[in-house]
Amino acid sequence: MKLSIHATRMGLAVVAAALCATGALAGARYGLPSVTVVKNADGSGRAYGTLGGTRNSAFPSEKLSCTVSRTSSVNLAGSEVKTTAVVCTATDKNRVTATCVSNKEEIADLLNGLSNDGLLEFSFTGATCMSIYVYESSSLERKR
Amino acid sequence: MASRQWLMPAATGLTGLVAGFLMGGHTGESPSTGDASPHVVVYPRADSTSTQLPASGPVTLDDLRRVVREELAALPAAGAVRGGHDVESAVAEPTPEQDFAADQARAVLGSALSRRSWTDADRDALAPQFAAMSPAQREEWLQQYVQAVNQGRLVPESELPPF
Amino acid sequence: MKIKNSMAALALGAALIMGTAFAGSKFTGNGSVVVTRNADGSGTASGYLGHVYNAPTTLEFIACQKSNFGIYCQAKSEANVHVACSSNSAFLANGVGSLSADARLTFKWDAAGKCTNIQVAHSSEFQDKQG
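Protein chains in written order, with our numbering: chain A, 1 to 144; chain B, 1 to 163; chain C, 1 to 131.
There may be inaccurate statements among the hints.
To be verified - To give an idea of the interface, some chain A residues facing chain C are shown, with a C-beta separation under 7 Å as derived from the structure:
id, residue
1, Gly113
2, Ser115
3, Asp117
Think of the hints as simulated: they come from the structure by calculation, not from any bench.
Quick reminder that beta carbons are idealized off the backbone N, C-alpha and C, glycines included.
Given the sequences, and given the hints that come with them, work out the whole structure.
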């Protein structure tokens with residue numbers, strides 16, 4: 001009897017210690033189910049997810065990313081020629097994929113400041129990125 | 001030549017230099033029109049009624065000061081440059097498609113208000129309408145939504161923003 | 001018995017100490033979300049993202065979003081008061097773009113619910129999200 005009480009106390013102490021170390025006894029967490037891909041019949045759709053939640057996901061197929069590439073060159077007239085390329089892609093746990101591209105500077109600018117715990121959403125029509133949403137919150141899970 | 005014989009040409013040359021300095025910008029060049037920096041333009045322009053040279057006698061410093069003041073006063077007002085543009089500008093009348101989208105969006109909000117609850121399903125229903133509305137319609141819809149949340153008439157059930 | 005209790009206490013203490021920094025000034029407040037609503041409908045909300053994430057609270061959060069359609073900021077206090085504002089100002093959107101997981105965010109809105117001020121503070125004193 002005494003042995004089992006002591007064992008229980010030890011077990012509780014270890015569990016509490018582990019929980020404190022992992023931060024599980026901590027603030028509100030936004031429970032977004034990693035990556036969501038919505039495709040409409042007319043070719044439009046959207047995809048969204050949290051970078052942290054997706055990386056930490058139990059489903060290895062899930063991923064979510066946007067890449068911005070800016071190129072500068074000088075033409076024969078000596079003027080700077082600037083080109084912008086944005087590619088966003090998402091794959092959900094069922095391996096449904098969405099990809100879109102854009103060459104608009106304002107789309108690229110919206111990705112400035114996206115951090116490792118951000119929520120990223122993009123909408124598309126066909127292969128063209130139409131909108132980008134970047135959401136930062138105290139409750140979003142960070143990459144582990 | 002003897003040194004005294006150099007005096008006359010030197011004095012004459014010096015006088016010419018001073019006179020040229022005082023005469024200033026009578027160079028016949030047109031003032032730059034796109035430059036906002038305060039150039040001193042002495043050359044009388046056809047459209048300037050106040051920039052007048054004295055009828056007789058050399059140009060004085062007071063003349064220069066007067067001309068500078070007149071030219072500065074004639075410059076465009078400071079700050080009258082195009083400011084940073086907003087994400088969207090609301091100028092044009094909405095199209096029938098935009099009006100339809102706005103009606104649909106208002107219906108989604110109305111339904112949510114009647115339940116006093118905004119859900120992810122409402123967000124999904126709003127998404128295509130929100131993108132299709134005009135900037136002014138979006139602004140009006142958001143104002144209704146935000147005021148309802150701030151007044152406690154609408155409770156967002158999840159953290160996802162409405163758009 | 002005593003040895004086992006001591007071992008349990010030692011394990012707990014070691015875990016609590018784990019991750020604690022030992023140098024530099026730290027913000028010692030709780031960093032909770034604070035919402036102030038004025039009678040005319042305007043108001044202010046502020047909070048420390050990292051502190052809120054790490055806190056043993058369940059409801060509070062503070063956040064901002066930027067998109068093609070402008071910015072949207074919202075906050076909920078632990079007392080379950082939810083507030084929000086929106087704006088199509090590209091100027092304010094620049095402020096939202098500087099937000100990070102360890103920042104302090106403050107936003108203000110007018111009576112119409114329009115965001116009028118975005119303040120993002122970064123400091124070595126603020127906690128980062130942990131866990």
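Evaluation of the provided hints:
With a cut of 7 Å, the hint placing A/Gly113 at the interface with chain C holds, because the nearest CB-to-CB distance is about 4 Å. A distance limit of 7 Å between C-beta atoms decides the matter here; for A/Ser115 the minimum to chain C is near 5 Å, and the interface restraint holds. Because the smallest distance between the Cβ of A/Asp117 and any Cβ of chain C comes to about 5 Å, under 7 Å, the interface hint for this residue holds.
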